[in-house]
Each structure stands twice: as C-alpha cells, then as structure tokens.
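For what it's worth, full-length UniProt numbering labels the leading residue of the sequence shown as 1, then goes sequentially.
Treat the hints as calculated values from the structure; they're not laboratory data.
For glycine and all other residues, C-beta sits at the position ideal for the given N, C-alpha and C.
Keep in mind that the hints are not guaranteed to be accurate.
To be verified - No farther apart than 27 Å at their CA atoms in a straight line, the calculated lysine-lysine pairs in the DSS-like style are these:
(1) Lys16 / Lys34
(2) Lys60 / Lys16
(3) Lys16 / Lys52
To be verified - Pairwise CB distance ranges, derived in the manner of DEER restraints:
(4) Glu36 / Thr5: 15 to 21 Å
(5) Glu48 / Val4: 31 to 37 Å
(6) Asp59 / Glu36: 41 to 47 Å
(7) Met1 / Thr61: 40 to 46 Å
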Amino acid sequence: MPIVTIQQFPRPLEQKRELARRITEAFVEVYGAKEEAVQVFFSEIDGEGWAKGGVMGCDKTDK
1 MPIVTIQQFP RPLEQKRELA RRITEAFVEV YGAKEEAVQV FFSEIDGEGW
51 AKGGVMGCDK TDK
C-alpha cells in the first residue's frame with residue numbers, strides 16, 4: 001500500500017484533489033498498485049510552523 005505524504009503551504013481543495021488523482025494514477029501505472037490502495041496525506045504548514053535559515057516563515061519579508 002503506497003503512502004505519500006506532502007508537506008506544503010495551504011492550497012485550495014481543488015488543487016489537492018487534482019494532485020491526489022495524478023499521484024494515484026502514477027502509482028497505478030508505474031507500480032501496478034490498485035487505486036484504492038494508494039493513500040495521499042496532505043500536511044499543510046503555515047508561516048508559524050516552519051523556519052528556513054533560522055528565520056520563521058511568518059517573519060520572512062521575501063515571501
């Protein structure tokens with residue numbers, strides 16, 4: 001059972017639906033997995049939940 005975890009900034013539901021569909025199609029085509037076996041988890045992080053180069057995302061000025 002393939003499990004894919006995606007960490008990203010918040011995105012619209014419609015985009016997540018499309019990405020989940022395409023990821024599932026890829027596992028079916030490449031691995032021969034059954035559609036119902038593919039799981040995709042979206043973990044959405046806002047600017048207070050990550051840092052880059054020691055600076056919190058919510059404090060960055062070059063977003």
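Hints, verified against the model:
no.	hint	verdict
1	Lys16 / Lys34	20 Å, holds
2	Lys60 / Lys16	25 Å, holds
3	Lys16 / Lys52	24 Å, holds
4	Glu36 / Thr5: 15 to 21 Å	18 Å, holds
5	Glu48 / Val4: 31 to 37 Å	25 Å, violated
6	Asp59 / Glu36: 41 to 47 Å	43 Å, holds
7	Met1 / Thr61: 40 to 46 Å	43 Å, holds
Checked against the numbered hints listed earlier, the structure breaks hint 5 alone; every other hint is satisfied.
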